[in-house]
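Trainee: With the sequences and hints as input, model every part of the structure.
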Amino acid sequence: MSPVGERADTARSRLARRTRSRSTVCNVASTTNAKTVPRARHSSRIPHSSSLENPVHPTAFYSPTSHHAGSFSKKPHQGSAKHSVGHHVYDGSSSITPLIEGFHFKRRRERLNWRMLASVNVEKIMEELDIDALQDIMKNITFCDIEAEDLRCIDSNFVKLFQLSQLIVEFLLHSQDFLVDQRNECSSELELFKSKYNKTFELNEKLTTEAAQTKKEMRALRKTLYAYQLVAKLPGGISQNASIAATYHRCIHCTKSFTSQHFLDLHMQRRHNDQVNTYPLPPPATEQVKSQPTHSEFQHIADMIERFSNRLVDTERQLKNEAESKIEDRINKEINEKRILLEDIYKQERLKYEKEIQEFKALTHRQIAEEREILIQEKSQFQEYMVSNC
Numbered sequence: 000m001s002p003v004g005e006r007a008d009t010a011r012s013r014l015a016r017r018t019r020s021r022s023t024v025c026n027v028a029s030t031t032n033a034k035t036v037p038r039a040r041h042s043s044r045i046p047h048s049s050s051l052e053n054p055v056h057p058t059a060f061y062s063p064t065s066h067h068a069g070s071f072s073k074k075p076h077q078g079s080a081k082h083s084v085g086h087h088v089y090d091g092s093s094s095i096t097p098l099i100e101g102f103h104f105k106r107r108r109e110r111l112n113w114r115m116l117a118s119v120n121v122e123k124i125m126e127e128l129d130i131d132a133l134q135d136i137m138k139n140i141t142f143c144d145i146e147a148e149d150l151r152c153i154d155s156n157f158v159k160l161f162q163l164s165q166l167i168v169e170f171l172l173h174s175q176d177f178l179v180d181q182r183n184e185c186s187s188e189l190e191l192f193k194s195k196y197n198k199t200f201e202l203n204e205k206l207t208t209e210a211a212q213t214k215k216e217m218r219a220l221r222k223t224l225y226a227y228q229l230v231a232k233l234p235g236g237i238s239q240n241a242s243i244a245a246t247y248h249r250c251i252h253c254t255k256s257f258t259s260q261h262f263l264d265l266h267m268q269r270r271h272n273d274q275v276n277t278y279p280l281p282p283p284a285t286e287q288v289k290s291q292p293t294h295s296e297f298q299h300i301a302d303m304i305e306r307f308s309n310r311l312v313d314t315e316r317q318l319k320n321e322a323e324s325k326i327e328d329r330i331n332k333e334i335n336e337k338r339i340l341l342e343d344i345y346k347q348e349r350l351k352y353e354k355e356i357q358e359f360k361a362l363t364h365r366q367i368a369e370e371r372e373i374l375i376q377e378k379s380q381f382q383e384y385m386v387s388n389c
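Residue 0 is where the sequence shown starts when you use numbering that gives the first Met the number 0, and the numbers rise one by one after that.
Treat the hints as calculated values from the structure; they're not laboratory data.
Some hints here could point you the wrong way.
[To be verified] Straight-line C-alpha distance at most 27 Å; calculated BS3-like pairs for lysine-lysine: (1) 159 - 354; (2) 198 - 319; (3) 319 - 332; (4) 215 - 325; (5) 319 - 222; (6) 205 - 332; (7) 123 - 138; (8) 337 - 195; (9) 198 - 332; (10) 193 - 205; (11) 193 - 325; (12) 354 - 105.
Mentor: Here's what the structure looks like:
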């Protein structure tokens, strides 16, 4: 037989002997004294002073309201939807939060593994933070059926305390799974935002490259145009009238002008076809003496072009950095908002659970104190009764 079974048999035999001795004392007292003994408010029999303490659990007390462990109801309370915890009232008809939506407590069908329970070293777990050992025995303790054990020597309130602890642990496990799911959803959203950021960054790089290429072409055209303008302004350079005369081709029969000789020929065939044969040859172009700019002027032009090019490159780099910083700030802001929201939800749930646990502890301690006072009163009444009869 196991040590637990031996202790249980010894406790039952002691309890039987004390019950027989109490019945004998009560019979003798009833024959010698006809006065009625005032009965306690919450007791159905007068306990002996030596039986106030639990023989199996020395630090536990018997409940004055019952003599054996009560049954654990698997059904919810019917009637009012309001439940009081301490001085706080919880209205069950309020809106269901996402945490408890679809949640229900499981039925206890397993047996308590006493061998595994005996092998657990609580001090070692507390010193070494052995979470693996707690994980191994947590499922068995949480979902075991305590009513299937021998509860004749156990107080019903302690059985109820054990069952409430099982429900609290089960709900905390459900809350942990809920928070893990929320974290996974936030992680998936974060990955989605990262993929969107990468796509946006690639598109931005592509557009930036195209814009840089376009600006490079525009810069080359500006340099060419600026060089032509500077050469035209130099003394002895190409004048405005000469450039216009060399650029535009005017029709001799009308006032229209064209940019090339080809367009002028097409115009002559389309509008002045009858006068093509009489089309006079253009006079030979007079050669103009072009003076070449000096080396210092070319150096000045090159310096100005280089200065404008550097300024344009700096402006492009600054615009690119500003665009990248804005995108990064927006992504970081969204990530921080999601993280802050998740931390707020976690803190609120944690504070709520801690508050419920503190209220439950206070209620339990208050009930134990009241029961202890009642037992002390019963003990004093029994001693007075024995003194008066002896």
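Trainee: Next, verify each hint and record whether it holds.
Mentor: Here is how each hint holds up against the structure:
1. 159 - 354: Holds, at roughly 20 Å.
2. 198 - 319: holds, 17 Å
3. 319 - 332: holds, 20 Å
4. 215 - 325: With a Cα-Cα distance of about 25 Å, the restraint between residue 215 and residue 325 holds, given a limit of 27 Å.
5. 319 - 222: Cα-Cα ~23 Å, so holds.
6. 205 - 332: Roughly 25 Å separates the two Cα atoms, so the pair holds.
7. 123 - 138: holds, 20 Å
8. 337 - 195: It holds: about 16 Å lies between the C-alpha atoms, which stays within 27 Å.
9. 198 - 332: This hinted pair holds, its Cα atoms lying about 18 Å apart.
10. 193 - 205: holds, 18 Å
11. 193 - 325: holds, 15 Å
12. 354 - 105: Since the Cα atoms of residue 354 and residue 105 sit roughly 24 Å apart, the hinted pair holds (cutoff 27 Å).
In summary, this structure violates none of the numbered hints.
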